[in-house]
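Asks: This is what each chain is made of:
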Amino acid sequence: MAEASVITDEMRAAVGQESEPITIEVDKTAVRMFARAVGYTDLIYYDEEYAKSKGYRSLPAPMGFLGHPIFRPDIPSRPAYVMSFKTPYKRVLNGGTDIEYYEPICAGDALTSTSKIADLSERSANIGPMLLITGETTYKNQEGKVVAIFRGTLIQY
Amino acid sequence: MSDQVYFEDVKEGQEIPSLTEKCTSQRLVMWAAGSGDFYQIHYDKDFAQNTGLPDRITHGALKHALLGRLLHEWVGDQGRVKRVACQYRGMDMVEQNIICHGRVTKKSQQGGENIVELEIWTETPQGQKTTPGTGVVSLPSRGQ
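The listed protein sequences correspond, in order, to chains A and B.
Residue numbers for the first sequence follow the numbering used here, so the first one is 1 and each next one is one higher.
Residue numbers for the second sequence follow the numbering used here, so the first one is 1001 and each next one is one higher.
Distance condition first, Cα-Cα at most 20 Å in a straight line; then the derived PhoX-like pairs of lysine-lysine:
#, chain 1, residue 1, chain 2, residue 2
1, A, K54, B, K1082
2, A, K140, A, K116
3, A, K28, A, K140
4, A, K145, B, K1082
5, B, K1082, A, K140
6, B, K1011, B, K1106
7, A, K116, A, K145
Bear in mind the hints are in silico, worked out from the structure with no lab data behind them.
So here's chain A without its partners, still in its complex pose:
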């Protein structure tokens, strides 16, 4: 492929830059809503006493649920990671999701996340040349323990 790279020095310099921390709530109603959307029937996601009987502090977060950033109408929502640059591509696809879990996350936890661009790469596909941006977000709980690492790949083309 003889296509010129769209990755600039500015973009390369953005790789690895950590964002400011974001505060994330995990609450019972959110756990139930998420579990219900995924179709779970396991009562650990709905009944707190049952969850405690299985050794959890409260309702545990189902796979894929890492709480919600606190929404405020006076603060614009922003991408999870620092993307200070523009690219020539207009269209976006979600390329993939990879979550590693280290400690249980339960309702009542207050998480703090920091994000960065972990990788930039280019590929040529049937829809044309594409830029793959891999973001990485690390979640810590109120005790400072890393509970999960999320990696998401955004495809621009």
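Following the hints, complete the assembly by docking chain B onto the known chain A.
Replies: For chain B alone, kept in the frame of chain A given last:
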């Protein structure tokens, strides 16, 4: 929940029980609310078609979560899901079944844990693999 699966009972190459979930427009709306992803291509047909899609499509992250549920339900109360990773290679249209599958690729013992690695994927009703990935779980041992 099904009966507890133990590390000793698992064989490399073995398929785990599949999971089928119909991704109705109602489910996609529930997912939008539950996840906080309000992109309209998932619930607004006109919006989706204006972007060139034939219809609304299922959220990639919902397919990732369904693969997580597949593993959670397999490992039982005493198992733990440690990693769920997948790539969104093909679109799944609204109102279609998503069939989640897993196959054991490797067993190992690491740091006192019984680790099982799996190949996981979703299929359309036509058998197209749209979301290939990998999973890592830990299982209890019969000896413990």
